[in-house]
Amino acid sequence: MEIINDYGFILIVVAAVVGFLMAWGVGANDVANAMGTSVGSKALTIKQAVFIAMVFEFAGAYLAGGEVTSTIRKGIIDTSFFIDSPELLVFGMISALFSAGIWLAVASYLGWPVSTTHSIIGAIVGFAAVGVGSESVEWAKVGGIVGSWVVTPAISGFIAFLIFMSAQRLIFDTDNPFRNAKRYVPFYMAFAGFVMSLVTITKGLKHVGLHFTTFEACIISIIIAAIVSVIGRMYINRLKFDESLDRSMHFTNVEKVFAILMIVTACCMAFAHGSNDVANAIGPLAAVVSVVNSQGEITAKASLDWWILPLGALGIVSGLALFGHRVIRTIGNGITHLTPSRGFAAELAAASTVVLASGTGLPISTTQTLVGAVLGVGMARGIAALNLGVVRNIVISWVVTLPAGAALSIVFFFMLKGIFAS
Amino acid sequence: MSTNSFLGVFAKSPLKPIEDHIDLVDQCTQLLAVFFTHVYQSEWTRAEEVQQQISQLEKQADKVKRELRTNLPTGLFMPIQRQDILALITQQDKLANKAKDISGRIIGRQLQIPESLQESFNAYLLRCLDASSQAKNVINELDELLEAGFKGREVDLVERMIAQLDEIEDETDSMQINMRSSLMKMESGMNPVDVMFLYNIIELVGGLADTAERVGARLELMLAG
Numbered sequence: 001m002e003i004i005n006d007y008g009f010i011l012i013v014v015a016a017v018v019g020f021l022m023a024w025g026v027g028a029n030d031v032a033n034a035m036g037t038s039v040g041s042k043a044l045t046i047k048q049a050v051f052i053a054m055v056f057e058f059a060g061a062y063l064a065g066g067e068v069t070s071t072i073r074k075g076i077i078d079t080s081f082f083i084d085s086p087e088l089l090v091f092g093m094i095s096a097l098f099s100a101g102i103w104l105a106v107a108s109y110l111g112w113p114v115s116t117t118h119s120i121i122g123a124i125v126g127f128a129a130v131g132v133g134s135e136s137v138e139w140a141k142v143g144g145i146v147g148s149w150v151v152t153p154a155i156s157g158f159i160a161f162l163i164f165m166s167a168q169r170l171i172f173d174t175d176n177p178f179r180n181a182k183r184y185v186p187f188y189m190a191f192a193g194f195v196m197s198l199v200t201i202t203k204g205l206k207h208v209g210l211h212f213t214t215f216e217a218c219i220i221s222i223i224i225a226a227i228v229s230v231i232g233r234m235y236i237n238r239l240k241f242d243e244s245l246d247r248s249m250h251f252t253n254v255e256k257v258f259a260i261l262m263i264v265t266a267c268c269m270a271f272a273h274g275s276n277d278v279a280n281a282i283g284p285l286a287a288v289v290s291v292v293n294s295q296g297e298i299t300a301k302a303s304l305d306w307w308i309l310p311l312g313a314l315g316i317v318s319g320l321a322l323f324g325h326r327v328i329r330t331i332g333n334g335i336t337h338l339t340p341s342r343g344f345a346a347e348l349a350a351a352s353t354v355v356l357a358s359g360t361g362l363p364i365s366t367t368q369t370l371v372g373a374v375l376g377v378g379m380a381r382g383i384a385a386l387n388l389g390v391v392r393n394i395v396i397s398w399v400v401t402l403p404a405g406a407a408l409s410i411v412f413f414f415m416l417k418g419i420f421a422s
Numbered sequence: 001m002s003t004n005s006f007l008g009v010f011a012k013s014p015l016k017p018i019e020d021h022i023d024l025v026d027q028c029t030q031l032l033a034v035f036f037t038h039v040y041q042s043e044w045t046r047a048e049e050v051q052q053q054i055s056q057l058e059k060q061a062d063k064v065k066r067e068l069r070t071n072l073p074t075g076l077f078m079p080i081q082r083q084d085i086l087a088l089i090t091q092q093d094k095l096a097n098k099a100k101d102i103s104g105r106i107i108g109r110q111l112q113i114p115e116s117l118q119e120s121f122n123a124y125l126l127r128c129l130d131a132s133s134q135a136k137n138v139i140n141e142l143d144e145l146l147e148a149g150f151k152g153r154e155v156d157l158v159e160r161m162i163a164q165l166d167e168i169e170d171e172t173d174s175m176q177i178n179m180r181s182s183l184m185k186m187e188s189g190m191n192p193v194d195v196m197f198l199y200n201i202i203e204l205v206g207g208l209a210d211t212a213e214r215v216g217a218r219l220e221l222m223l224a225g
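Those sequence lines, one after another, are chains A and B. Once you know that position 283 of the first sequence is 283 in this note's numbering, the rest is easy, because the numbers rise by one and skip nothing. Once you know that position 126 of the second sequence is 126 in this note's numbering, the rest is easy, because the numbers rise by one and skip nothing.
In short, the hints are calculated from the structure, not lab data. Among the hints, a few may not be true.
In silico DMTMM-like links for lysine to aspartate or glutamate, alpha-carbon gap of 20 Å or less [unchecked claim]:
(1) LYS256(A) x GLU144(B)
(2) LYS59(B) x GLU43(B)
(3) LYS42(A) x GLU144(B)
(4) LYS151(B) x ASP173(A)
(5) LYS16(B) x ASP101(B)
(6) LYS12(B) x ASP84(B)
(7) LYS63(B) x ASP101(B)
(8) LYS417(A) x ASP84(A)
(9) LYS417(A) x GLU297(A)
(10) LYS94(B) x ASP84(B)
(11) LYS16(B) x GLU141(B)
(12) LYS42(A) x ASP101(B)
(13) LYS256(A) x ASP143(B)
(14) LYS182(A) x GLU144(B)
(15) LYS94(B) x GLU144(B)
(16) LYS16(B) x GLU67(B)
(17) LYS151(B) x ASP175(A)
(18) LYS94(B) x ASP173(B)
(19) LYS16(B) x GLU144(B)
(20) LYS63(B) x GLU19(B)
(21) LYS12(B) x GLU141(B)
Here's a subset of chain B near chain A, in silico, CB distances under 8 Å, partners left out [claimed, not checked]:
(22) ALA11
(23) LEU76
(24) PHE77
(25) ARG153
The beta carbon of each residue, even a glycine, is placed where N, CA and C say it ideally should be.
Excised from the complex, chain B in its bound form:
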């Protein structure tokens, strides 16, 4: 009796899982701040615990991503394109992967951040995490965008938020350049392999902001299309 109803035309909304996903992803990346405070102090067991949490959250996000993909058959009529939704969640997922990657590499080598670099590195890291939480804020506007029929003031608001995200990413770019040149000045007195890895970590952390920016760019494309 229950299926004898037209209400079957209402399919499960893909917006909620996208928002759930970015929330998990952001929780995951924000843990990097805690993770690095332990790294600076060389508290490796604690750092490893946080790394486990990061990896757990990454797995949960993966699960949400897979569920969304399997629940998004063709033949759905949506205000945004199916391909855009799939591309967006792929991009979001990369953010969590990067966080897992960074923490994994540090733990793997018990890589120390040189004390003189710690302060600027931490500022750089936090700014990149800002980009991640801004991406989360942008994605959480999807509900409101739907309410507003994906047009008008709400779109302007989201576009302004995306512009802010771009600015944050720009900032992290110049911070990254500074980090590299500071590292270059001290690299002669360090273990060359550690130096290689440090350059690598700096790049990966910058990748967080890059990926966050791409999440915003994806949403912007959706709004344009």
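Pulled out of the complex, with its shape left as it was, chain A reads as follows:
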């Protein structure tokens, strides 16, 4: 108790700084995965990608990031074990942030494609299981979260497969692919707009103070979807096409239409990424703040402090602003043969899966979902060559991340305990 009263402010500041740095790292590094497909298929320039990412990552983090944040804050560990010694929860969450941050830095340095989500979950489970006792971990919840890491790539792969096949059926395999592209692409835009706005309205606007019933939310989402598709159609009609290209070159024009669609799905992807990944940085911070603010009383109902989500959102955006440019440039060069029609299918599938998962509070990995989606398009014979070796490495690095994050956070936990408790 005294520790929290004595050092409360310092603890919050430490947690806030580390949380901000984590968010900064998410923005600087992870954004490559979220925006890479768009830049790689040349639908967006780097400048546009950074701009879109900044706006929509912020919106996603601020408007739809609350649900996952609360899962990380209080869903993984049973807080009733900490009632007698709330400072342990504070130390634990701070060490989780430290360990995830360091693991990410090391992995980035070594070039391993690790997941922010995995490292933070591993870290939280680690300090709770070893530092406090394995019964303090909500194993059923953790099981569910880990299970979702297997299920979500499969789901997003399946959705990507369906989206890609539908585009093939409606647009590519027709007499006039170009005309059909102009006709059907706005519907895909509407779908992207619908998913994004539905999740924002049902899950995100609560803490802004707006409440809607499910029915109202649906209606508003449909209206927003319609607006998105109308604007999209306008842009498509404004495009100038090279009519002289003959039938066999038709696909070149079709891809230009898809490139416009990709701008929408890129927004969707940035939004999804923000909504899910901001929690990795600020979920632990939120836990620390709520314990300290209630003077060590662990209340299950404590709401999220108003400044926490914007802080995470700002962290992501500033990471993006400083490093996004460079990161996106290095990845954008390497990809060949990824046309907008494939990139869109993968992005839209991954983004909808992530956004829906964010809505249910599941902390899933954006990258993982994207890999699933890309494999889904590959299954539909849409991508010239995928490197299964790299897929295997990615999966291995994810699996390794859990124990690594856990071990690091255990070390930090005992260090913090030693520093403050003695």
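Given chain A, put chain B in place with the hints provided.
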């Protein structure tokens, strides 16, 4: 930082090198038309220059082939089978080899095509080269096939193109028979070794169309599989 990204899953596409390769191969075979115009006129130095160009292009094609092979490790997930791709490029490469072979043999012996045969021989040669350029057109559809997910109308279109290629090859077969019988009628008055070589050249030129047809057949197998 750059490798810390899932985008490594996108491997280098094998389709582009295949298309590059057939373009080189076709340039190489089409030079035979120029080569033979010099041969008919007995302009041997000029013919030799063209033969050098043919051999240069053949080497370039070889390089592309080798690069593709080394850049196609197992463990790639592709819409078409790895073995099919390797077999296809091997087949394409034979086309360039044949062109080099034909020009080399003619130069080696400074072999004359008898004047009375020249016209029909040239028609026969051009038709065989048509087969080669049709094979090139077919292979250049690979991009579009990928766009269309290797199914539907695009596949039908490519299959029609392959059928045209087969027709061209059929035509060259009957032209070859005619060439042989014309040569047989005049062979008694010619140097027997030259006659042997002429028969050989006729067969090799026909081999161009055969190989082009096999390129098409390979692609057809890919589409079926």
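A quick look at each hint next to the structure:
1. LYS256(A) x GLU144(B): holds (15 Å)
2. LYS59(B) x GLU43(B): violated (25 Å)
3. LYS42(A) x GLU144(B): holds (18 Å)
4. LYS151(B) x ASP173(A): holds (8 Å)
5. LYS16(B) x ASP101(B): Violated, because 27 Å separates the two Cα atoms, which is more than 20 Å.
6. LYS12(B) x ASP84(B): The given pair, whose Cα atoms are some 17 Å apart, holds under the 20 Å limit.
7. LYS63(B) x ASP101(B): OK: LYS63(B) and ASP101(B) at ~18 Å, within 20 Å.
8. LYS417(A) x ASP84(A): holds (15 Å)
9. LYS417(A) x GLU297(A): Given that 20 Å is the threshold and the Cα spacing comes to 19 Å, the pair holds.
10. LYS94(B) x ASP84(B): holds (15 Å)
11. LYS16(B) x GLU141(B): holds (11 Å)
12. LYS42(A) x ASP101(B): violated (44 Å)
13. LYS256(A) x ASP143(B): holds (16 Å)
14. LYS182(A) x GLU144(B): Holds: LYS182(A) and GLU144(B) sit about 19 Å apart, inside 20 Å.
15. LYS94(B) x GLU144(B): Outside the cut-off at roughly 25 Å; violated.
16. LYS16(B) x GLU67(B): With a Cα-Cα distance of about 12 Å, the restraint between LYS16(B) and GLU67(B) holds, given a limit of 20 Å.
17. LYS151(B) x ASP175(A): holds (14 Å)
18. LYS94(B) x ASP173(B): holds (19 Å)
19. LYS16(B) x GLU144(B): holds (12 Å)
20. LYS63(B) x GLU19(B): holds (14 Å)
21. LYS12(B) x GLU141(B): Holds, because 18 Å separates the two Cα atoms, which is no more than 20 Å.
22. ALA11: holds (4 Å)
23. LEU76: Check passed: Cβ of LEU76(B) comes within 5 Å of chain A, closer than 8 Å.
24. PHE77: holds (4 Å)
25. ARG153: Cβ of ARG153(B) sits 5 Å from chain A, so the hint holds.
In terms of the numbered hints stated before, the structure departs from hints 2, 5, 12, 15, listed from lowest to highest.
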